[in-house]
Amino acid sequence: MREAVRFEDQVVIVTGAGGGLGRDHALLFARHGARVVVNDLGGSTHGEGANASAADKVVAEIREAGGTAVASHDSVTDGERIVQAALDNFGRVDVVVNNAGILRDKTFHKMEDADWDLVYRVHVEGAYKVTRAAWPHLREQNYGRVIFTASTSGIYGNFGQSNYGMAKLGLYGLTRTLAIEGRKNNILVNAIAPTGGTRMTEGLIPPQVFEQLKPELVSPLVVYLGSGACQDTSGLFEVGGGWIGKVRWERSLGAGFDPRAGFSPEDVAAQWQRICDFEGAAHPADNLEALKEMMENLQRYAS
Numbered sequence: 005m006r007e008a009v010r011f012e013d014q015v016v017i018v019t020g021a022g023g024g025l026g027r028d029h030a031l032l033f034a035r036h037g038a039r040v041v042v043n044d045l046g047g048s049t050h051g052e053g054a055n056a057s058a059a060d061k062v063v064a065e066i067r068e069a070g071g072t073a074v075a076s077h078d079s080v081t082d083g084e085r086i087v088q089a090a091l092d093n094f095g096r097v098d099v100v101v102n103n104a105g106i107l108r109d110k111t112f113h114k115m116e117d118a119d120w121d122l123v124y125r126v127h128v129e130g131a132y133k134v135t136r137a138a139w140p141h142l143r144e145q146n147y148g149r150v151i152f153t154a155s156t157s158g159i160y161g162n163f164g165q166s167n168y169g170m171a172k173l174g175l176y177g178l179t180r181t182l183a184i185e186g187r188k189n190n191i192l193v194n195a196i197a198p199t200g201g202t203r204m205t206e207g208l209i210p211p212q213v214f215e216q217l218k219p220e221l222v223s224p225l226v227v228y229l230g231s232g233a234c235q236d237t238s239g240l241f242e243v244g245g246g247w248i249g250k251v252r253w254e255r256s257l258g259a260g261f262d263p264r265a266g267f268s269p270e271d272v273a274a275q276w277q278r279i280c281d282f283e284g285a286a287h288p289a290d291n292l293e294a295l296k297e298m299m300e301n302l303q304r305y306a307s
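Residue numbers (the working numbering): 5 to 307.
Hints may be right or wrong, so weigh each one.
[Stated by the list, open to error] Quick list of simulated restraints, FRET-style, between CB atoms:
no.: 1; residue 1: Leu257; residue 2: Gly95; range: 15 to 25 Å
no.: 2; residue 1: Gly249; residue 2: Lys218; range: 16 to 26 Å
no.: 3; residue 1: Glu144; residue 2: Ala306; range: 42 to 52 Å
no.: 4; residue 1: Cys280; residue 2: Glu7; range: 41 to 51 Å
no.: 5; residue 1: Ala265; residue 2: Ala289; range: 16 to 26 Å
no.: 6; residue 1: Gln145; residue 2: Glu293; range: 28 to 38 Å
no.: 7; residue 1: Glu12; residue 2: Ala306; range: 57 to 67 Å
no.: 8; residue 1: Pro140; residue 2: Asn162; range: 29 to 39 Å
[To be verified] Quick list of in silico lysine to aspartate or glutamate cross-link-like pairs, EDC-like style, CA-CA up to 16 Å:
no.: 9; residue 1: Lys296; residue 2: Glu254
no.: 10; residue 1: Lys188; residue 2: Asp236
no.: 11; residue 1: Lys250; residue 2: Asp262
Quick caveat, the hints were computed from the structure, so don't treat them as lab data. Quick reminder that beta carbons are idealized off the backbone N, C-alpha and C, glycines included.
Could you put together the complete structure from these sequences and hints?
Here's what the structure looks like:
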């Protein structure tokens with residue numbers, strides 16, 4: 005019999021929880037016993053304006069269902085205030101779900117600094133600020149779970165989303181490093197790349213597909229990653245439409261050149277097919293493993 009995933013006496017912060025994916029994350033955490041801080045500035049998908057009603061409605065939903073929740077109407081760039089709301093109301097924080105996001109899609113040659121800067125501020129700086137404010141408390145209690153929201157636009161690229169793709173893949177870089185630093189304090193850190201039918205993706209996905217990509221088909225993974233039952237860290241998971249898959253880096257075995265004699269662009273061209281051949285590819289798990297082939301090449305020519 006499978007053990008139930010529960011969060012009694014635990015406090016979960018979900019940013020951008022006034023609608024879409026964040027709302028369903030918050031509702032599902034609450035149904036599994038968590039006390040939830042529902043954070044949402046209530047702005048538009050372009051990062052404009054503010055409206056307290058978005059977070060308040062989700063809090064009301066949770067309470068009507070018998071759960072416990074409070075609203076936070078702060079911007080994620082004021083992350084310390086969001087974490088303080090958890091401490092003031094519940095005395096602790098156990099799980100941080102960095103979900104807040106906006107879109108400012110433009111091709112790169114039409115992009116203005118404001119489009120780049122605001123996407124960076126909400127996705128990267130906002131996730132940093134919230135997580136950084138929670139981090140000392142997670143370390144002190146020797147327990148925590150952090151989930152970042154990446155995107156396939158960051159993993160694979162997407163037309164008109166250079167700002168968004170930059171921010172989303174940057175969050176996975178943060179995930180990898182915090183997973184290393186947090187492990188000794190039982191703080192596990194993972195990232196998801198979700199696909200869901202939300203107001204951010206409406207109009208970008210064909211209507212017949214949009215209707216099937218229900219946000220609640222993403223939340224079970226998020227709740228599992230936020231639980232004590234999950235012992236994985238540094239993972240990146242694509243999720244949507246009832247499907248979940250783990251993503252990992254892959255690298256060719258490459259080609260080695262004599263570091264003492266040096267090599268030319270023509271030498272690179274001559275070995276290009278081998279450099280790009282992924283047969284028998286390596287899957288480095290960390291920096292040490294990533295340096296393996298390079299170090300072996302140095303030793304090969306050392307004598």
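Exercise for the section: Run the structure past the numbered hints and jot down the numbers of the failing ones, going up. Expected result: 1, 5, 11
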